[in-house]
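Given the coordinates of chain U, work out where chain L should sit on it, guided by the hints.
2 protein chains.
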Amino acid sequence: MGESPLMNATIADWGEHRLLAWLQTFSPAAVVGDDGAVLTPEPGRSLVITTDVLVAGVHFSDATTPPDAVGWRAMAANLSDLAAMGATPWAVTVGLSLPPHTKIAWIEALYGGMQRCLDRYGGAIVGGDVTRSPTPTIAITAFGQVAPAQVLRRREARVGDAIVVTGYHGSARAGLALLLGEIGRSDEGGNRWIAAHQYPQPRLDVLPELQKLTIGAKIAAMDSSDGLADAVVQLCRASGVGAVIEAAQIPIDPDLMAIIGPEQAGQWALYGGEDFELVLCLRPKVAAQFVEQLGPPAAIIGRITADPEVVIRAGHQTHSLDQAQGFQHFP
Amino acid sequence: MGESPLMNATIADWGEHRLLAWLQTFSPAAVVGDDGAVLTPEPGRSLVITTDVLVAGVHFSDATTPPDAVGWRAMAANLSDLAAMGATPWAVTVGLSLPPHTKIAWIEALYGGMQRCLDRYGGAIVGGDVTRSPTPTIAITAFGQVAPAQVLRRREARVGDAIVVTGYHGSARAGLALLLGEIGRSDEGGNRWIAAHQYPQPRLDVLPELQKLTIGAKIAAMDSSDGLADAVVQLCRASGVGAVIEAAQIPIDPDLMAIIGPEQAGQWALYGGEDFELVLCLRPKVAAQFVEQLGPPAAIIGRITADPEVVIRAGHQTHSLDQAQGFQHFP
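These protein sequences, in sequence, are chains U and L. Just so you know, this note's numbering puts 65 at position 65 of the first sequence, and the rest follows in order with no gaps. In this note's numbering, each residue carries its 1-based index in the second sequence increased by 1000.
Everything labelled a hint here was simulated from the structure, so no lab data went into it. Incorrect hints may have been included.
[To be verified] So the derived label-pair ranges between C-beta atoms look like this:
hint, chain 1, residue 1, chain 2, residue 2, range
1, L, Asp1307, U, Pro208, 55 to 61 Å
2, L, Pro1100, U, Thr25, 33 to 39 Å
3, L, Gly1122, U, Gly44, 20 to 26 Å
4, U, Pro208, L, Pro1099, 39 to 45 Å
5, U, Pro284, L, Pro1100, 42 to 48 Å
6, L, Asp1119, U, Pro43, 44 to 50 Å
7, U, Gly33, L, Ser1186, 37 to 43 Å
8, U, Val159, L, Pro1099, 38 to 44 Å
9, U, Glu209, L, Pro1043, 29 to 35 Å
10, L, Ile1215, U, Ala288, 58 to 64 Å
A virtual CB, placed ideally from N, CA and C, is assigned to each residue, including glycine.
Next comes chain U alone, as it looks inside the complex (with noise of 0.2 Å):
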């Protein structure tokens, strides 16, 4: 990156017709150089389509944020609603708005973080168009491809389900605290914290595993990209159940509780956001073999109810949470 002269060209210096031609050379030859792309899915397959729309100042900042790493995060939140509806990366669009005085270089680190991610777990830029914008944004349309029996859906959470997350909450929230300078730097989990932040992991690996144990069953999950307390409300809301958290059995890395304490802790784990794990609604005995499977740090943290509340139990003290506290792009 950068060491091309080319590279410090802006897009006003190239021109459209260039930049499209350059940023077609990220997609495979096959399905360029028409106004749309052809692809032809697998026989008795579905298709889960999922959009998400992110905007400079808003979800991302070159502060805290290098472009490799939007471009990573754009995608990795795309992937991460496919792992969420139990589908398989196949196909994204990038729709870029950009001032021209952005740098190719910009652009090439974005689509450098956007490639990594799709090497890492499947899928091809197969579209996409560049428009000129006095803010730079970038819609991400993905596609995946799913069994129609595998489908995983945000309504089928049943009174009884055990909840189960995928992995450590709080940790994506920390790593922004650190680069925004809100805790110190320290040397236990700081830059695993920024990773967090920076390059999620979308929990496709688990697919596989929750297959095999959950053959023929109909499972609610979503992804903890909005908080894992919004995550928790959407799938009750969408089932007609309630919940009881275990506060105490909600992942946090041991080293952040360490830095800021339980309770902050707590609420970041909670309300924080970005952490991109799966939140899921299993009966009990496969939630306790699936996070058996999957090892710390997934782990069973409450349960659905029929009391359409959902509370967080921290010791003796409960708390109602409040349906409309889930993370807001409009404050």
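Only chain L this time, still in chain U's reference frame:
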């Protein structure tokens, strides 16, 4: 629109959850409420995927385009890309970025325009995202279905092909000129041209006839959204051929010709853009049949040549088309 007092509310008043829940009422009930939409394509069909990003101040302006027309045009642009690939609209996602002070009524009108376009041409909004941004931006990804043998591609133009356009060129530019006050309002044509600019019609209607006449043949096609000249240049570049265009054969609304003169009308027809007609390269006999079936203003405007230049011939004069003269989003 605007009749309900609720519609005077802004995004900031409503908050993200309520806004998303309301936007989901525009989608079929079966596909909403999860991290993604689940769709199952018809067996044996390929998918065509296309993305367009529209930015306020670049692609649309409240001065020339009411939100209903912004929605229609955004959708029509994507459906036109599907038509240019031979595909039938199936599903779309809508990624919206809007300032918090945006009125709900504006969004309702925008979605109303998108929905009317889909009602007319097929397809459903199956997902999306909405987020805060200082710059209103609409990113649409559209999916069409097509039999693999009926895919239209830019790279299939062959020497000797006739170049066919499905309708008038220059009318959308004339509509914009009227709205901007560049030309005076007149009884003749004005409303037609404003409609051509605000509510363009993707030429999905010509596909059945085209498919009937060209069974088993590989056809080059593109839409003229970035200008007729750009479309011919792109088709020639992708196919490694050239073209001669007869300026006098380009269909231009006679009323427009009368008002602004043939010189200006010819410029707008070639470079004005946003006419959303199809430009097709067909064997001469098939081209003649196709144009006869469609009737005027569909026309043969030139032919594909081995010499890799694109030449415009007007009377005894010819000039070679600068291959970079297409519509540039980054000036």
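Checked hints:
no.: 1; hint: L:Asp1307 <-> U:Pro208: 55 to 61 Å; result: 57 Å, holds
no.: 2; hint: L:Pro1100 <-> U:Thr25: 33 to 39 Å; result: 38 Å, holds
no.: 3; hint: L:Gly1122 <-> U:Gly44: 20 to 26 Å; result: 24 Å, holds
no.: 4; hint: U:Pro208 <-> L:Pro1099: 39 to 45 Å; result: 43 Å, holds
no.: 5; hint: U:Pro284 <-> L:Pro1100: 42 to 48 Å; result: 43 Å, holds
no.: 6; hint: L:Asp1119 <-> U:Pro43: 44 to 50 Å; result: 31 Å, violated
no.: 7; hint: U:Gly33 <-> L:Ser1186: 37 to 43 Å; result: 41 Å, holds
no.: 8; hint: U:Val159 <-> L:Pro1099: 38 to 44 Å; result: 42 Å, holds
no.: 9; hint: U:Glu209 <-> L:Pro1043: 29 to 35 Å; result: 30 Å, holds
no.: 10; hint: L:Ile1215 <-> U:Ala288: 58 to 64 Å; result: 59 Å, holds
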